[in-house]
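J.: If you want the building blocks of each chain, they are given just below.
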Amino acid sequence: GIQVEQSPPDLILQEGANSTLRCNFSDSVNNLQWFHQNPWGQLINLFYIPSGTKQNGRLSATTVATERYSLLYISSSQTTDSGVYFCAVSMEYGNKLVFGAGTILRVKS
Amino acid sequence: NAGVTQTPKFRILKIGQSMTLQCAQDMNHNYMYWYRQDPGMGLKLIYYSVGAGITDKGEVPNGYNVSRSTTEDFPLRLELAAPSQTSVYFCASSYPGGDQPQHFGDGTRLSIL
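Protein chains in written order, with the numbering used here: chain S, 7 to 115; chain F, 5 to 117.
The hints are simulated quantities; they were obtained by calculation from the structure and are not laboratory data.
Hints are not guaranteed to be accurate.
Computed Cβ-Cβ distance ranges for the label pairs, DEER-style [said to hold, decoys possible]:
| id | chain 1 | residue 1 | chain 2 | residue 2 | range |
| --- | --- | --- | --- | --- | --- |
| 1 | S | Pro15 | F | Asp103 | 47 to 55 Å |
| 2 | F | Pro43 | S | Ser13 | 18 to 26 Å |
| 3 | S | Pro15 | F | Ser73 | 38 to 46 Å |
| 4 | F | Leu84 | S | Ser115 | 41 to 49 Å |
| 5 | F | Ser22 | S | Thr86 | 24 to 32 Å |
| 6 | S | Thr59 | F | Tyr99 | 20 to 28 Å |
| 7 | F | Ser88 | S | Thr72 | 35 to 43 Å |
| 8 | S | Ala107 | F | Lys13 | 18 to 26 Å |
| 9 | S | Arg74 | F | Pro87 | 36 to 44 Å |
| 10 | S | Arg64 | F | Arg113 | 28 to 36 Å |
| 11 | F | Met23 | S | Ser115 | 40 to 48 Å |
Derived list of chain F stretches under chain S, where covered just means 3 residues or more per stretch with a C-beta under 8 Å from a C-beta of chain S [stated by the list, open to error]:
| id | segment |
| --- | --- |
| 12 | 26-34 |
| 13 | 71-85 |
| 14 | 93-101 |
Computed from a prediction, not measured in an experiment: that's the story for all the values here.
Positions of the beta carbon are idealized from the N, C-alpha and C atoms, including for glycine.
Isolated chain S, as found in the complex (with noise of 0.2 Å):
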């Protein structure tokens, strides 16, 4: 089956930084979607982006299709961005997600 892997698996900031978050998938999908958890467990839908720039405030995010991997900057990041970062692919029918294993994001005020 298709494999996500998500880089880093960790880090840290200082609120107010930049960071970037690297999703590389091994096949072609018609799907991919950026999920936050919060620390309370809920997953939040920041942006389905199959190919192509979308931006939502401090938060963007881009897909190269034909290269296989998708990225999402949070810029000017704040406390309440802590939280996991999922990226998750589908590429059948019926929309079955398939997860990585997420980047898990702290900042620091």
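Fit chain F to the given chain S structure using the hints.
T.: Chain F in isolation, oriented as in the chain S frame:
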């Protein structure tokens, strides 16, 4: 707008007991999914459904059963609970098609002792 609602939020079971995790969505989504998340890991798909009366296995279906009698509800049944099923369970839903964003419930934290 409730979205995806999961009940209960927490549950402790004894080995060998059975229970049903409930999931309901009010967005008229045809597709529904059950995932489990083990500590420090990403989510893994247990079962999914593309419409009422249609279900199929995901990556880790052993020890679980599902049914889909209505568009709104997608319960997950655990028979003969085992310690390996201790996990956080997430239900999700989406519109039809392999290119739609999924919306998740808040999860059910299940411990089996």
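J.: Honestly, which of those hints from before does the structure not fit?
T.: 1, 5, 12 and 13
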